[in-house]
Amino acid sequence: MKKILSGNEAVARGAFEAGVSFAAAYPGTPSTEILETIAKEYKGIHAEWAPNEKVALEVAIGASYAGARSLAVMKHVGVNVAADPLMTLPYTFIRGGIVLISADDPELFSSQNEQDNRHYARSAKIAMLEPASSEEAKDFTREAFKISEEFGTPVMVRTTTRISHSMGIVELSDPGEKKAPSLERHPSEWVMLPANARRRHPIIEERVLALKKLSNTTPMNFMEMGDIKLGIISSGVAYQYAKEAFPGASFLKLGMPYPFPDELVRAFAAKVEELWVVEELDPFMEEQVRALGIACHGKDRIPMCGELNPDIVRAAISGEPVMKPAQPVLPGRPPNMCPGCPHRAMLWSLRRNKCFIAGDIGCYTLGFLPPLDAIDTCLCMGAGINHAHGMSKVFGPGKEKIAAVIGDSTFYHSGITGLLNLAYNRGVALVVILDNRTTAMTGSQNHPGTGVTIEGQKNTTIDLEGLVRALGIEWVKTINPYDVKNARKTIKDALAHDGPSVIISKAPCVLLKSRAVPGKPLVVDQDKCTGCKVCIGLGCPAVEFGDEMAHINEVCVGCGVCADLCPQEAIGGVK
Amino acid sequence: MNVLMTGVGGQGIILASDVLTEVMMRYGCDVKKSEIHGMAQRGGSVMSHVRFGEHVASPLIPYGSCDIVLSFEELETARYLPYLRKDTTVIINRFRLSPPTVIAGKEAYPDITPVLREKTRDIRLVEGSALALELGNPRGVNIILLGTLSALLKPEESLWIETISDMLPVKIRAVNIEGFKRGRLLNVQ
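As you go down the protein sequences, you meet chains A and B in turn.
Note that my numbering numbers the first sequence so that position 54 is 1178, with each residue one more than the last.
Note that my numbering numbers the second sequence so that position 114 is 115, with each residue one more than the last.
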C-alpha cells in the first residue's frame, strides 16, 4: 500500500515496521512530529515526552538494555544535551536495537544554530544513515535497528528540515514483531568503570572497521552511472538537488555516509573525470574523500552556510555565480507572539522596570523584536538563569537590575539546575518563570508541569512554587501577568530583594482551551483615543495604528492588557 | 508540474497542499511537497512547494520553473518572484492581511501588480475569501482556492471530491465540498 508521508511520519512508520517497543523525545523543530505520529498512529509503541534530550536517550537506553528495540528522537541541538550518554553508549553492550534520530536544521528555520550533526557519528564512532526522501526515511529507520543489533552499536539516523517536513510517496510494509523484554545482568559491559571501559574501547574500533565493510557493500550506498565527465558524491536532500540540476551526471549516492565507504569512493572516483562532493553545511564527506588522496571539488564552490537548492548546486558546478533572481523588498512578516499572549504582558512589565533580561528558548524569545525589545540574551536551553547569575556575581548585589526569563517547559528541561545554582551560590537576580502550561513554540506539547503524558494519561502535576522553594529560593511569588499593575509592583519588590528571587508568571497559552482570556475583541473609543501609541508599544498583532488613532482588529482575544495601559482609558469591551 | 502555494499562517495552506499532493498520487503521479512549519501559526509567511510528474527529485521548485502560483494573500504573491517564469499562471485570492509594519502605520500595503506584471502576463484575481464568507465558512477559503486550481489540472472533479471526503472530518466535509465545487467554477480570467 502506498501512502504520502512526511519524512517525520515515515521515520515513525519505520519504527513501527521495525518492531520498536519504546520511543522517547523532547519536542524540537523539525523533529517533533515523529513522536506525535508514534503516539497517535502506532499505539503499540510506548511513547513519552522526556523533560530533555539526555533523559530521552537514557530512558531509551534502559529499554534497550531490557532487550526491547527503542528510539530516541531530538533536534540537532538536542543531541548536544544528550551527548554525554551518547559518547559512552557505544562502549556498552547493546541488547535491543537502539536508534537516535537527529533532525538538523540547515538555514535555521527554527533554531539557534545550524550545526552539522554528522560529526557526532564520527565522534561517537557509530553508524550513521542519511535518508534522501520519505521512502528512505522509513526504510533506513527500519534498517538502522537491524544494524544496531547485528553490530552491537547505536545507530544515528540524520535528517534535515527538508527531509523531515517534505512529503513523498512511501510503500508501506507490515509491522515487525516486538522483542519480548527480559532482565539480564551484564555488569562488565554495562558498568563503565575505567577498567571495563578500557577493555571496551578496542571493541568500538574493531566495530568501526566492520561497519566500514558494510558501508562499502550496503545497497544504501550505490552508484548511478551516467555521463562520466561529471561524478557527484552526495547524500540526503542535497542528492535530490544535484539530481535535479544534473540528471545526466554519474552519482555515488550515500545513504550510509559513516563509516565512510572508502573502497566504493575510490572505485567511483576512478570512473569519472571531474569529481564533486555535494553536501549541505560542513565538508563532512569531502574531507574524507580528500583523506583518501582523491582530488575533488566541494566547499571551494558550494556554500558552507544555509541550505542548498537545485539552483545553488547547478551554479556552483557550472562555474556560474550563485545568485538568486531579483526580488523586491516587501514588508516582512516576522513571527510574533500571538494576540493576547501572556508572555507579552510580562515582558512589557519587565522592560518597563528597566532590567537586563537574560532570555531563553521558547515563544518569549520573540520578545526580542521591536517594539517590545525585551530579550537581551538567548544561547541555548536553560542558559538564561545562568547568564543572570554570572552577571550578578561580577557586579555584586544591588549594582545592576538583572533578570532572567524562562518558559515552563524550558525550566523543566534544563532550568532547574541553574536555579539550584542561583540559590546555592546566592546570586542576586530575578528569575521569571513564564508558566503558560505547555511547550508552546513546538505546537503545544505537554510536560511534567501539566502532568499529562503524550498518551493522554494524567500523572502527577508538579507544584512549581514548591519545587522552586525546594531548590533553595525563599523569595517566590506567583502572579497573573495580565494584571500589569501588580506584575510591575511584584517585579519592583523582587528586584529590591537582597538575594535570588523567582516570579512565576502563570497564565495558560492563548492557543490552549484553558486560556484565561474572554476571546472577544476589545474596541477603541475613538472620541477618547489621542493617538499616544502606548498600546502600540505592546507589539500586539491585534492593535493597529492609522489615521492618528489606535484600532483593534478581529484577531483580538480581549486579554485587556492594552486597556490597562491606555492613559485615556479609551479601550474597552464590546459596546 | 510545479505548483507554489503562498499565503499567511492560519489560512489553511498546508491542508490545501496536502489534498493536492494526495490527489496527484491517486492520479498516478510521483509527487513531493515541501514547506516550512514551525512559526507559521504566528502570522508568518507560508509557502508550500508541490511537484508532480513521472519522477520528482528535488522537493524544492527550481527558480524560474513554477507552472502555477496559488496565492491566498495578495502581498505574499510577490514574495517568491524568482520561482516565476514568463508563462507562469498566477492565481491571486483577493484578500489582504496587513503585515506588522503596515499595522503599526510605518508603511503602506504595497501594490504588487506592477512587479508581477513584469514577470508574467497570466495573472488571475479570484474572490475566494468573499465566496467563503458567502458560504458562511470563512475558514474554507483554502478548499475554495483548491477548487479554482483544480480547473487547471488534469484529474477529474470526482477524484478531487473523493479525496477531500477522505481527508476532511465529517463535520466540515459537506460545506468544503460545496466550496470546492463553487471554487472550481470561479471565473479566473
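These aren't lab readings, by the way, just hints derived from the structure by calculation.
Wrong hints could be hidden among the right ones.
Some but not every residue of chain A turned toward chain B, in silico, with C-beta under 8 Å [claimed, not checked]:
| # | residue |
| --- | --- |
| 1 | Ile-1293 |
| 2 | Tyr-1365 |
| 3 | Lys-1367 |
| 4 | Pro-1665 |
All values derive from a computational prediction rather than experimental measurement.
Just so it is clear, CB atoms sit at the ideal spot from N, CA and C, and this is done for glycine as well.
Of all the hints numbered above, which does this structure not satisfy? Sort the numbers upward. none
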